[in-house]
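Colleague: Given next are the chains, with one letter for each unit.
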Amino acid sequence: MSEPLLQIEDLAVRFRTDEGAVRAVDGVSLSVERGEVVAVVGESGSGKSVTGMTLMGLTRGPNAEISGSARLDGRELLTMSNRELRAVRGNDIAMVFQDPMSSLNPVYRVGDQIVEQIRTHQQLSRQQAMARAVELMERVGVPRAAERLRSYPHEFSGGMRQRVMIAMALSCSPKLLIADEPTTALDVTIQAQILEELRQLRSETNAGIILVTHDLAVVADIADRVVVMYSGRVVEQGTLDELFYDPQHPYTWGLLGSITRVDSDRSARLPAIDGMPPSLLAPPPGCHFQPRCPHAFERCGEVPELSPRTPDSPGHLDRCWLEVERKRTLRLVDGQIGLAAPVRA
Amino acid sequence: MSESGLPEQGPGALLAVDHLRVLFPVKAGLIIDRTVSRVHAVDDVSLSIGTGETLGVVGESGCGKTTLIRALVRLIKATSGQIHFRDLDITAASRRQLLPVRREMQMVFQDPQASLNPRKRIRQILATPLALRGLPRAEIEAESRRLLDRVGLRPEHLGRFPHEFSGGQRQRIGIARALAMQPKLILLDEPVSALDVSIQAQVINLLDDLKEDLGLSYLFVAHDLSVVRHVSDRIAVMYLGKVMELSPAAELYTKPMHPYTQALLDAIPIPDPAENRKRVRTVVTGEVPSPIDPPDGCRFASRCRHASDICRTVEPPLTRYANGHLAACHHPQNVSAAELAAAVRSPLSPTSAGEQLPTLAA
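Chains A and B, in that order, give the protein sequences.
143 is the number that numbering that gives the first Met the number 0 gives to position 144 of the first sequence; each next residue is one higher, with no gaps.
37 is the number that numbering that gives the first Met the number 0 gives to position 38 of the second sequence; each next residue is one higher, with no gaps.
If you're looking for bench data, these hints aren't it; they were derived computationally from the structure.
All residues carry an ideal CB built from backbone N, CA and C; glycine is no exception.
Where hints are given, some of them may not hold.
Once the Cα atoms are required to be at most 20 Å apart in a straight line, the calculated EDC-like pairs of lysine to aspartate or glutamate come out as [unchecked claim]:
1. B/Lys277 <-> B/Asp265
2. B/Lys26 <-> A/Glu154
3. B/Lys254 <-> B/Glu338
4. B/Lys254 <-> B/Glu274
5. A/Lys326 <-> A/Asp262
6. A/Lys174 <-> A/Glu75
7. B/Lys119 <-> B/Glu142
8. B/Lys119 <-> B/Asp86
9. B/Lys277 <-> A/Asp240
10. B/Lys254 <-> A/Glu195
11. B/Lys26 <-> B/Asp292
12. B/Lys183 <-> B/Asp86
13. B/Lys183 <-> B/Asp208
14. B/Lys277 <-> A/Asp262
15. B/Lys277 <-> A/Asp223
16. B/Lys183 <-> B/Glu155
17. A/Lys174 <-> A/Glu18
18. B/Lys277 <-> A/Glu195
Chain B is nowhere near these chain A residues, computed Cβ spacing over 10 Å in every case [to be verified]:
19. Glu42
20. Ala86
21. Gln116
22. Arg201
23. Arg260
24. Arg268
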C-alpha cells in the first residue's frame, strides 16, 4: 500500500497561557487519501480547527508546542522551515476559512488578491494570472467573472465571497484542501451550491479534502470518512456508514441523537447530551467524555487507546472501554441511536 | 380582532398581524438627505399566533424575519399595517400604553453574548425585570433563584458575570430574563443557531418544557428548517419580505406547495448517508434579488423552475387550501385538481396581489 496523501501521527498542540497549558490537540492521528473527503466533526473547543490550522503552520508561535508528525506526500510539514512552508502553503495545501468576510482583505480588489496568490507560486505575468483568475471565478460559479474581479469584498454577498475563497484556494491546484466550516455562515440554498462545488472539485482534480464541521447533516452529504473529535482527542473514526449506522463511542451517539432532522416528525424530546465539554486546562483523567457519559464505569479512569474494536471492520477505530455487543444495545434510546440521560447524583 | 375580519385569525389569537409593512428609507444627497429608494424588509405580512401555539418563521438571511420580530415588539416602527395583541391595537400605542403589553411579550435574542450586559452580575440582570414587575425587594433574591432553577442553572450562578458562562448557559440566562416578566408570548430570534448541536438540543428541550408548564406561546424565528420543524405547530416561510407559504408544521415537509419551500427542503442535507444517496435534489441557482428594488410579480420568479409569464407580472395571492395550508404561488406543487378547485383566496393575501387563483403548471 502506498502512503496516503496526508498522514498525521500523534499530533499534539499545546498553548501556554497564564492559567497553564491548554492541550488543544492531544494525540490526533488520521490520514487522507487522494480524492477522499474526510470530515472532522466536533463541538467548539474539540480541537478540530486547530488541527487544520497546524497543518498550514498557522499555529506556530512562541507559546505553542507542537509535536508528532504530519506528512504530505511523504514530506514532513511540522518541522519544515517557514520558508519551505510558504512554498507549500497555498500551493500544495490550501485552506478555506469559515468566515469569508474576515478572510478577504477589505481594501484590495478581489481580483488582485487572487492574482497575488497565483503569482506567488507560479511564474505568470499579471495578464496571464488575471486570465487564470477569471477562469477560476467562472469555475466556482461567479457570474460576470471578469467584471466582478474589479469589485471589493464588501460588494459580494456571503456566498459569493466564499466562492472567491474557494477560487483562491483552487488557484494552484492544491493536493489537499482544508475547508474549515466552509458553509456555516451561509444560507441553506447557498450551502447546497458550495457543497456541490467541493464535490466537483474532488472529482475533477482528485484533491484530498479535509472538511472541518460541526454539522452532521453536511457530513452525511459529502464525506467518505469521518473523524469525531472531543476535547482534543479523536474518539472515533470510520467510514461514513460505519459512523452513522454502527457508532461505537457514546459521544457519537449523543451527537447523532441530538440533531433535529428535517425528514422526521417532532419527537417528544431530543436525547441531548447533558453537561458541557471539559476545560482543556484541566481535562478529567482517563476518557475525557467520562463525566458526561451515562455508561461510564471504573475502567473509564484510564485513557482508552484509539483502536479497532469491531471485529468485522478493521478501519473503524474508537476510544471506549465498553464491549462492542453491549454498546450495540446501550446506544438505542426509544429504538433510535442516542445517548440515554445520565443518572443525576 | 373583529375589525380585521380575517377568518384565519380567529378571536383566540394572542397576537395578530395585519398587512404589516416595514420599509427602510435609503438616503442619499450631499446637503439634504433625500430618500432615493426604500428597502422592502417586511412587505405586507399577515399572520397570527394562538394561545399556547408555536409559530415558526423560516427564511434565508434578508427575508425580513428579524425585522418582523422587531416590529412586533415595537423596536422598529411599522410603516403601515396593524399589530394586535389580545385585541388591543399596539401599532401606534404610546410607551405608557405599551408597558403592560411588553410585560406579556418578551424577547430572546440570537447572540446571548451580545444581549447580556457584560458588566452586570446575573443577580442584577434578573433583578431589573423583577423590580419592574413590581416584586417587593425582599422577594427578588428568592424569585431569581427560582428562575435560575427553572432554566437549569444553579443558585450560585447569581453572583457571576456573563463571561463566566458558556454559550448555552448564557442563552438560558436570556430565557430566565424573559421569564422574569411572566410573559404569555416569547419572541425567539434564532435562539439556538449560535450554539453547538448537543447544546442546541438542551435549549430546545428547555423551551419545550417551559411552554408546556407555563402555557407559553412562541414565535420562533430561525433559518434552520429542521430545528423549526421540531418546535413549531405552524410554520411561515418568508422570502424577500413576503410570506410564501404558511402551513401546519408537519404538512410543510410532506407537502410543500411553494417551489421556494421545496428548494429550501432540497437544500438541506439529511444526517443519514443512505437517505441522502436516495434523495433526488434540485439545487436552486442564483441568489436572492435586492430588497431595494424587488421584482414585480412573484418575488421568487427569478430563481424558480416553474415560473411562467404570469409569475413575472402578477403577484400571486395567498391561496387557502385544505387544513389551513396557505401558499402564494401561481403554480403550486403537490396539489391535486380537486384541492385546487376548492381553493379560495385568503384575506391574508397582500393587498397588491392579483385576483387570479392558481392553475396547475403546464
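Colleague: Work down the list of hints and note, for each, if the structure agrees.
Modeller: Cross-check of the supplied hints:
1. Simply put, B/Lys277 and B/Asp265 have alpha-carbon atoms about 12 Å apart, close enough for the 20 Å limit, and the pair holds.
2. With a CA separation close to 18 Å, the supplied pair B/Lys26 and A/Glu154 stays within the 20 Å bound.
3. At most 20 Å may separate the alpha-carbon atoms for a hinted pair to count; B/Lys254 and B/Glu338 meet this at roughly 13 Å.
4. For a cut-off of 20 Å, the pair hint linking B/Lys254 to B/Glu274 stands: about 18 Å separates their Cα positions.
5. Straight-line distance between C-alpha atoms of A/Lys326 and A/Asp262 comes to about 26 Å, which puts the hinted pair past the 20 Å bound.
6. Taken as a hint, the A/Lys174 and A/Glu75 pair is honoured in the structure, with Cα atoms around 15 Å apart against an allowance of 20 Å.
7. The hinted pair formed by B/Lys119 and B/Glu142 meets the criterion: a straight-line CA distance of about 18 Å does not exceed 20 Å.
8. Taking the CA atoms of B/Lys119 and B/Asp86, the gap is about 37 Å. The hint is violated against a cut of 20 Å.
9. With a CA separation close to 14 Å, the supplied pair B/Lys277 and A/Asp240 stays within the 20 Å bound.
10. This hinted pair does not check out: B/Lys254 and A/Glu195 have alpha carbons roughly 26 Å apart, beyond 20 Å.
11. The straight-line distance between the Cα atoms of B/Lys26 and B/Asp292 is roughly 14 Å, inside the 20 Å bound, and the hint therefore holds.
12. Proximity of B/Lys183 to B/Asp86 is assessed by CA-CA distance (about 14 Å); at most 20 Å being required, the pair is judged to hold.
13. Taken as a hint, the B/Lys183 and B/Asp208 pair is honoured in the structure, with Cα atoms around 15 Å apart against an allowance of 20 Å.
14. For the suggested pair B/Lys277 and A/Asp262, the alpha carbons sit about 13 Å apart, so the restraint of at most 20 Å is met.
15. The suggested pairing of B/Lys277 with A/Asp223 holds, with an alpha-carbon distance near 16 Å, which does not exceed 20 Å.
16. Taking the CA atoms of B/Lys183 and B/Glu155, the gap is near 28 Å; set against the 20 Å cutoff, the hint is violated.
17. Simply put, A/Lys174 and A/Glu18 have alpha-carbon atoms about 39 Å apart, too far for the 20 Å limit, and the pair is violated.
18. Distance restraint check for B/Lys277 and A/Glu195: the Cα-Cα separation of roughly 16 Å lies within the 20 Å cut-off, and the hinted pair is therefore satisfied.
19. For A/Glu42, the shortest C-beta to C-beta distance to chain B comes to about 4 Å, within the 10 Å cut-off, and the non-interface label is violated.
20. For A/Ala86, the requirement that its beta carbon stay farther than 10 Å from each beta carbon of chain B is met, with the minimum near 36 Å.
21. Look at A/Gln116: its CB is around 25 Å from the nearest CB on chain B, clear of 10 Å, so calling it non-interface holds up.
22. With a cut of 10 Å on Cβ distances, A/Arg201 stays outside the contact zone with chain B, its closest approach being about 16 Å.
23. For A/Arg260, the requirement that its beta carbon stay farther than 10 Å from each beta carbon of chain B is not met, with the minimum near 5 Å.
24. A beta-carbon of chain B comes within 10 Å of the beta-carbon of A/Arg268; the shortest separation is about 5 Å.
Taken one by one, the earlier hints fail for this structure at numbers 5, 8, 10, 16, 17, 19, 23, 24, listed in ascending order.
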